[in-house]
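2 protein chains.
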Amino acid sequence: MANWRLHPQLDRDTANLGDLPLSRVLVNNDANYPWLILVPRKPDLVELIDLDEAAQAQLMTEVTRVARALREVTACHKLNIAALGNAVPQLHVHIIARFRHDAAWPNPVWNAVARRVYRRGELERLITPLRASIGLA
Amino acid sequence: MANWRLHPQLDRDTANLGDLPLSRVLVNNDANYPWLILVPRKPDLVELIDLDEAAQAQLMTEVTRVARALREVTACHKLNIAALGNAVPQLHVHIIARFRHDAAWPNPVWNAVARRVYRRGELERLITPLRASIGLA
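Protein sequence lines correspond, in order, to chains A and B. Quick note on numbering: the first sequence equals residues -6 to 130 in the working numbering. Quick note on numbering: the second sequence equals residues -6 to 130 in the working numbering.
Treat the hints with care, since some could be wrong.
[Unchecked claim] Here chain B is said to cover these stretches of chain A; the calculated rule only asks that three of the stretch's residues, wherever they fall, bring their Cβ under 8 Å from a Cβ of chain B:
1. 43 to 55
2. 76 to 86
3. 89 to 103
[Claimed, not checked] Computed from the model, here is a short list of chain A residues facing chain B with C-beta under 7 Å:
4. E40
5. A60
6. R61
7. K71
8. L72
9. N73
[Claimed, not checked] Sample of chain A residues lacking proximity to chain B, with all beta carbon distances greater than 12 Å (derived):
10. A(-5)
11. G11
12. N25
13. V110
14. E115
Calculated from the structure, these hints are not laboratory results. A quick note: this is a predicted structure, and the numbers were derived from the prediction, not measured. Each residue gets a CB set at the ideal place from its N, CA and C atoms; glycine is no exception.
In isolation and in its complexed conformation, chain A is listed as follows (with noise of 0.2 Å):
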């Protein structure tokens, strides 16, 4: 994983929660929704069938184990995860949190409302307890 960087807007948007044997796992910085985001830190990804079959079960074990984390610190009502990948072609996975109640549903987050940026401490207060329920340092 020595040749492998993070996409900028990647880290231009989101903060680091820490890794996981395949993937970076990461907060996206909207805080309509709780959203992370798993980036396999293999470089040159770009689709989900470009992974070998060893790294594709791994990332959905790691799918698995941070979906089910976001659900319990959460307590959404629903998961959304989709790989995309139109705008940054980086492979990455979204796990998002979603509520009957959210700025966007029933539709999926994407171009659905403005960014809100988190404030100071409320990010904190979600990654917190998602890293202990995950499981990283």
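Got chain A sorted already, so can you dock chain B onto it with the hints?
For chain B alone, coordinates are given in the frame of chain A:
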């Protein structure tokens, strides 16, 4: 899989390509994008993380098989893969072929432009090579 039934909205909006060991493969009747949907044929599934580990691995195998076929047949520029389920609660995975000249690019497809149903013959010309490439009878 005796107690499983396809959700009526998915049934109404799609054509049936056939069954893989776990999932039914559907094509969304929206000619704006070549758009497949996988539905695991087990009752009462809502979230990806509701699947046990073996079924999750099988679903990932089937997503890969279908996504590779879709890319091969359409020569698309990008794949979009997503499990959302805010509107239709039955677990289903979207696998969408995206082009830099398509109706919604670079935005996600949901709520982007009005559905355009396939003309007679047009759907068959997509389904026939897809069935062959996926390996559905």
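Taking the least C-beta to C-beta distance, is L72/A closer than 7 Å to chain B? holds (5 Å)
Agreement of hint N73/A with chain B interface, Cβ distance less than 7 Å: holds (5 Å)
When the nearest CB of chain B is found for K71/A, is that gap smaller than 7 Å? For K71/A, the interface hint holds, since the closest Cβ of chain B sits about 6 Å away, which is under 7 Å.
Would you check chain B against the stretch 43 to 55 of chain A, counting CB to CB pairs closer than 8 Å, and say if three or more residues qualify? holds (count 3)
Examine each Cβ of chain B, and state whether all of them lie more than 12 Å from the Cβ of N25/A. Label holds. Min Cβ-Cβ 14 Å, cutoff 12 Å.
Any Cβ of chain B at or closer than 12 Å to E115/A, or is the non-interface label fine? holds (24 Å)
Do three or more residues of the stretch 76 to 86 of chain A come closer than 8 Å to chain B, measuring C-beta to C-beta? holds (count 5)
Apply the coverage criterion to the stretch 89 to 103 of chain A and chain B: a residue qualifies when its Cβ sits closer than 8 Å to a Cβ of the chain, and three qualifying residues are needed. holds (count 6)
Mind checking the CB of A60/A against every CB in chain B and telling me if the closest is under 7 Å? holds (5 Å)
If I take the minimum Cβ distance from A(-5)/A to any residue of chain B, is it greater than 12 Å? holds (27 Å)
Separation of V110/A from chain B, once the least beta-carbon distance is taken, above 12 Å: holds (22 Å)
Interface-negative label, G11/A against chain B, beta-carbon threshold 12 Å: Non-interface label stands for G11/A: nearest chain B Cβ at 20 Å, farther than 12 Å.
Consistency with the previously given hints is maintained throughout, with no hint failing.
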